[in-house]
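Student: The residues making up each chain are set out below.
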Amino acid sequence: MSDARIDGYARALFEIAAAEGTLDEVEDELFRFARSFESNDQLRNTLTDELIPADKRQAVVESLLGGKATATTTQLVGMVVGSGRGRDLPAIIDKLVQRASSAKQLEVAEVRSAVALSADQQARLKAALTNATGKQLNVKVIVDPSVLGGLVATVGDTVIDGSVRTRLDNVKSRL
Amino acid sequence: MKYFSLLAVDPAESPHWLFPEPAEIIYGGIASVLVIGALVKFALPQFKKALTARTERIQKELDASANDLALAQADASKIRTALGDIASEKARLLADAQAQADALLKEGRARLTAEVADLEAKADADIAAAAARGSDELRTEIGRLAGVATDRALASVLDDAAQQQLIENFIAKVGASR
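In the order they appear, the protein sequences are chains A and B.
Per the working numbering, residue 1 is the first one in the first sequence, and the count goes up by one each step.
Per the working numbering, residue 1001 is the first one in the second sequence, and the count goes up by one each step.
The shape of chain A in the complex, shown without the other chains (with noise of 0.2 Å):
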């Protein structure tokens, strides 16, 4: 898909979630549905396979969000998932919280993590990104388990990662 095509889709869902006044949490919900959908083989090709009918497809969106998040993010991803756009899925939700995020000037700050962070946690994280980074942030955490254990934020270009699978593999390729 073209980018002027994602952009419009990401503007698209930005206004009506702004519209609908629950931005930030379509943001975050949106954004956590767009990394398990990038790390999940099977949810990717049920979704964007063609032989499915919309109907089917947006049935499987509707059973995977529905009453686990708003019922914003549920439509507006069934819409794109039901237009066909599935596999543009998660560019067009990363232009949403760029947009988002550039909306209220901020950058967004990807982190992942093996285990859930608490909101204080996820407070204090906020704050020393900021400090190290000096940007304002919307930080947006991502449990991977792949990480094993520690934390991987990505800011930018810039990536800061105390993760403990970066620091296994470091010890595989020395060994």
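Each computed BS3-like pair below joins lysine-lysine, with the alpha-carbon atoms no more than 30 Å apart:
| hint | chain 1 | residue 1 | chain 2 | residue 2 |
| --- | --- | --- | --- | --- |
| 1 | B | Lys1106 | B | Lys1090 |
| 2 | B | Lys1078 | B | Lys1060 |
| 3 | B | Lys1060 | B | Lys1049 |
| 4 | B | Lys1173 | A | Lys135 |
| 5 | B | Lys1106 | B | Lys1122 |
| 6 | A | Lys104 | B | Lys1173 |
| 7 | A | Lys126 | A | Lys68 |
| 8 | B | Lys1060 | B | Lys1048 |
| 9 | B | Lys1173 | A | Lys172 |
| 10 | B | Lys1173 | A | Lys126 |
For the record, the hints were derived by calculation from the structure and aren't laboratory data.
Given chain A, work out where chain B should sit, using these hints.
Tutor: Structure of chain B alone, referenced to chain A:
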């Protein structure tokens, strides 16, 4: 008797039935001389000329025959020479063919030997590569299994307290980094 009487000369009868009159003899002799002279004068040269021409023609024919004979002998000699040449050419061609066949055979044997050597070398290299690949694959698989085992061991060691400690350490380290 009658025949003898015919030879008898009757002096009363003149001229004699056998011998002409003297005048006739003279006229006849002169006429004969004239005729013979004319013959000698006119016919003899023609006769000699015809005879000479015939002789020359015969000589020419003899010369032509001799010439033809010489040519035929020369041709026969050439043919005999050519036959000899053909025989020697045949022998030379056979010798060349034999030499070429020997060279081809030798070359073919050499090429086959080289190809067999190449194939053996390639087979050795393939076997060595396969062995190395197998060894590499085994090493990779061992590494992968060791990695999985390490991950599992770490996952069992990294309990919630350890995870929280790692997160806190990261926050503290990043917070103090500026």
